[in-house]
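Asker: Can you join these two chains into the complex? Each is in its own frame, and there are hints to help.
Read top to bottom, the protein sequences are chains A and B. FYI, the UniProt record's numbering numbers position 187 of the first sequence as 187, with every residue one higher than the one before it. FYI, the UniProt record's numbering numbers position 350 of the second sequence as 350, with every residue one higher than the one before it.
Hints listed in this document are in silico derivations from the structure and should not be mistaken for laboratory results. We put the CB at the ideal spot given by N, CA and C, even for glycine. You may find that some hints are simply not true.
Chain A residues, not near chain B, derived (Cβ > 10 Å throughout) [stated by the list, open to error]:
#, residue
1, M159
2, W195
3, T264
Label pairs and their in silico Cβ distance ranges [unchecked claim]:
#, chain 1, residue 1, chain 2, residue 2, range
4, A, P266, B, A174, 18 to 24 Å
5, A, L153, B, E346, 44 to 50 Å
6, B, Q315, A, V85, 30 to 36 Å
7, A, W62, B, A37, 27 to 33 Å
8, A, L63, B, W51, 36 to 42 Å
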Amino acid sequence: MSLELVIPILAAAIQSGTPILYATLGEMLTERSGVLNLGVEGMMIFGAFGAFLFTYFSGNPWLGLFMAGFFAGMLGLVHGVVCQVFQGNQVVSGLALTILGVGLADYLGTPYVGVATQGFYPFDFPVLSAIPLIGPVFFRQDALVYISYLLPLLFWFFMNRTRWGLAVAAAGENPAACAAAGLSPRLMRWMGVFWGGFLVGLGGAYMSLAYTHLWTNNMTGGRGWIAVALVIFAFWRPGRAVFGAYLFGGIMAFQMRLQAMGATLPSSLLLMLPYALTIVVLLFSSSRGKGRAAPAALGVNIEPGE
Amino acid sequence: MLGFRIAKRQEPLRWGSFFIFFAALALSLGISCMLLAIQGKPFMRALFMLWDGAFAHDYALEDTALKSIPIFLCSLGVAVCFRMQVWNIGAEGQFALGAIGATWAVLSFPNLPAWALMPFMFFCAAVAGGLWAAVPAFLRLRMGLNEIISTLMFNYIGILLMEYLVYGVWKDPASFGFPMTVIFPDAAIIGSLFGRIHWGAAVCAVVATLLSVFLRRTRLGFELMAGGENPRAARYARMPYGFLVMLVMVVCGALAGWAGLIETSATLNRLQPNVLAGYGYTAIVVAWLARLRIVSIAMYSILLAGLRVGVENLQLELQVPAAFAGIMQGLLLITVLAGQFFIWYEIQRVPGAETSGKGKKGASSTDGSADGGERS
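Isolated chain B, as found in the complex (with noise of 0.2 Å):
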């Protein structure tokens, strides 16, 4: 009787991240594109043209670099928020908050010089990010409300505060009824470093460097990454984990504020309601499927940010409703989180009923465990 057992691994799979990202790829490539045979759309050329769209050429790859900015500095906060087992999905709504902050300076002080306006216009935008993520974290420690569902409500108001300050105080006279603000001044707008790329990219540079020495280097810093590990141990371990929490998710609204000071100021130069493009959601993305490794969640970026400019591509050649992009994403994060499973464990042959002989067999699994094995 051949049968198959499943048993856990006793070190992880080596490059197992590696190969199943670009399994998962590929499975959630082959998914998309039969959702798109179904629709009769031409799919081997779609994927083509995702390609061509993104990362083909000079100004496929400026958008991408371009879009792949808000969403590096979302995710690094959420993939701090995630280490430490702190569910914040509120990156969309602190981005909301964070465009409204910076907009704010720009409107109560549009006299200032630029070297005193932009430094404000950052405070402003951590400050407003930074509460709006602070409020969740506080009732979670204080209330025990659930973070998950607290930051996703507040991702509602944020966005429904924005529309109500550009379709009313904030509204521009001379829009002709569009909701918008008006144009900011020169000072308040981030210039370009170089070609399109505007000096966000410096920002994220800056605020990558700075996270990582401060995880690596510092004790916080430590004591955030072990807390995450295990809550309970960093308790008895008296480390400050209320303090802990209060701060990822603080870090993480600020960053997110300033991806949406950022987007406001150096892409549309004022603030209108189509600033919140999503890139709050697919941070998430970017945070599970990068973990807290900084690199990764630059490289994941860039690649998230690609599939959004290659499904543009795809809308203008195709017709293909923009909602593929979300698509993509979601059974991106399906299948890696699926395949995930095969870093932790393995399939083995049984070659009969008695298995207690397998050497590799991992500390956790029990005797006589084939019922719970996969049967050929």
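Pulled out of the complex, with its shape left as it was, chain A reads as follows (with noise of 0.2 Å):
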């Protein structure tokens, strides 16, 4: 291939992977904090519902783009009420929160469906966008994209060098541990399940936003379940979220290329790429190896009184 084909492609690429490395990144620090939260596919949902509604009516994507995280913050405390308050089973209490999420915005949005709203729109980043190759692909991208190029970085430097991110990684791995340390293990899954929402959140805001400028029923097609995926493969660490991420932007890019192109391979056959892929790209990762398990705690409540 050209490299005028692969260009657009790989741009294409970064751009529908940035919701996907949002969502992942925003899993995998509630999952850091031990509470395995499934309903990422509702949050990421109601996010972009909120995000849509905010923007359509304030006109400003900034703030619909905080309310989106807001939203599923929201959401993702819904799910801290059930796990630490009441102790209910987190696999279940995920998927309800999904469940309840496509309902509310399908509810919520669908005297909406099909109405175009304002966003992010592409830029060229200054003096960056004029490297060959590099540019054309990295930095003629809307402001979310290079907020997410920073957004790893900054996860890994708040997980390995701030004391709260030693705190969450402790009420992840070792809860009684961290609460002798005279921490709370109880506080750091709250702001484990928020802010993973807010992040998560954004990633939706991404859909509504930047990846298309409308809303419509069920716009996140189970890029929600594929972040739930990428975590495990990525070992929990996030750099190997951004190659996931940018994997699976690749494989929904070039799906959505081929069809364009009138691929002899009927439409329902190229869309299971992804649902495959995710397959696959898991049975790659094997979790065997130091640094690589989950941890410990993950899914575990901690016993009132503890």
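Answerer: Below is the structure:
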């Protein structure tokens, strides 16, 4: 393939990988604090709706972006209430959250289906966009993509170099030890579900404000679930999450490009690609080895009185 | 200093799940009403319409009963999986594969007599659904692949596979471009049992009876129940854990496949995409609400089917989107999940800072635990 063909696909891969990257990092933060939240798909689409609604009525996409995070974070807190206060099963609570989030977005969004809104638009990043190859792929994107370049670094720095980050990780590895050190593992988990949800919501906002500029039902299309899978693939570390998200972005972009070029394969078969690839990618990421296992207390509630 | 403290009960609260369910139902209905009020709908009348549409007269009851058949079949299998701590959320995809399997049987052998065709359809639906569930089970056992993710991805793939078939090779040339197969021959259509209720109801009764006998009366059934309570202990007792995981998944896939077959054959009389109405996801809600108790599964299937039918009434009269049923299911599951806390824990009043005098204190609550409890 010639360069003129490859560059747009790579640029599109970055673009369609960005919402997955936000969602993956969000779920990763929640899981690092020890809470397994399978509600990502629900939080993401609820965030996408929040972003659409507030941008549509205020004309300010930054407000929409913030509200997306807030909406999804609130759903994360619902998960927190069920699991932290009421000791509910984390797997089932997450599934319920997805059912609820998808339902809420559908229900509240029905009057707006197909309505267009403001949002984020690509612009040339000064200086860097002029670099051949790298420029057109990475630096002719929108503001949310540029933010997402910094996010994994910030995530890594937070988790490994700050007191709070280490406390979050301790809550996920060993809540009792965390409490013995005078920290509150419960507080860390509340932070994990809210701010993790916040990031997932930003991924949703990307769908309604940058990827498209309108509201449609079911616009996340399973990206939340792919994010859950990518957290496992990334061994709960941000670096591999970037790789995974752009890999999926690439597959989605490629699949759409093939359809647009009138590929002979039927569209349903092409649409299967990302889902089949999720399974394949997970199969190739063996979780054995040092520093690759899940947080030890992932999915285990903190009993009252502990 | 008056405070409150959470302590573990030594025995589960008697009648707990019963009361908790009704409290949770009331709470989730209340929140749903608030959502309706936000959109300016008359929510009191909506509650009445919900009841009216689902349970109030014969036609509504028949609708509810018809919808509860696929939900019941799917959630029987899902509940067995959940009991084994196998998080199979792929009933929707297994349902789709069952519909595909049955349709393949009909389209390939349209001229078979009814006595041969119908059993063959049931066989094909069970094999297709069962195989679709066996792959994630295999991947979990051999490769350690999380079954939540894999069954979910298999849902998406199964649904797209069905769309590929009905939009493509199986499309009826006389359907004016609509994605549907030819209408099934009479021999392939499940007939009515009484009124609008078809023979699928009888299938439910037979399956429920067989499953109940299997779980209570056979060694394998006992191992299955024990394996779910404690997988590690089951392994030490040399129970065939891997085999049991495979078994529950295949059973669930076959049952969901039969649900797909019944919907395709009895309700639509042909395969078309709207055979998939999210029954597989509703089954997850039912399975968790009812745990393994088969009678409860039947009751909750009818209740949640009623919720769907009732929301259809709301759709018609108040222009409430169908997604409302999803919201109510999600809310119900969340409130029940939270309410189950009270089965195992109680909130005790603590007269002072000194708490060790309480007799009811459970074994696992530690001393000086007031900081973990809720204070008022």
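Asker: Evaluate the given range 30 to 36 Å for the C-beta pair formed by Q315 of chain B and V85 of chain A.
Answerer: Hint holds: Cβ distance 35 Å, inside 30 to 36 Å.
Asker: Taking the Cβ atom of L63 of chain A and the Cβ atom of W51 of chain B, is their distance within the range 36 to 42 Å?
Answerer: holds, 41 Å
Asker: Looking at W195 of chain A again, its CB stays over 10 Å from all of chain B?
Answerer: Nearest chain B Cβ is 21 Å from W195 of chain A, so the label holds.
Asker: Take the C-beta atom of W62 of chain A and the C-beta atom of A37 of chain B, compute their distance, and say whether it sits inside 27 to 33 Å.
Answerer: Since the Cβ atoms of W62 of chain A and A37 of chain B sit about 31 Å apart, the hinted range of 27 to 33 Å holds.
Asker: Does M159 of chain A really sit off the interface, with its C-beta more than 10 Å from all C-beta atoms of chain B?
Answerer: At roughly 22 Å from the nearest Cβ of chain B, M159 of chain A sits farther out than 10 Å, so the non-interface label holds.
Asker: Holds or violated: the 44 to 50 Å window for the beta-carbon distance between L153 of chain A and E346 of chain B?
Answerer: holds, 48 Å
Asker: Once the closest CB in chain B is found, is it more than 10 Å from T264 of chain A?
Answerer: holds, 12 Å
Asker: Does the hinted range 18 to 24 Å hold for P266 of chain A and A174 of chain B at CB?
Answerer: holds, 21 Å
In this structure, none of the earlier numbered hints is contradicted; all agree with it.
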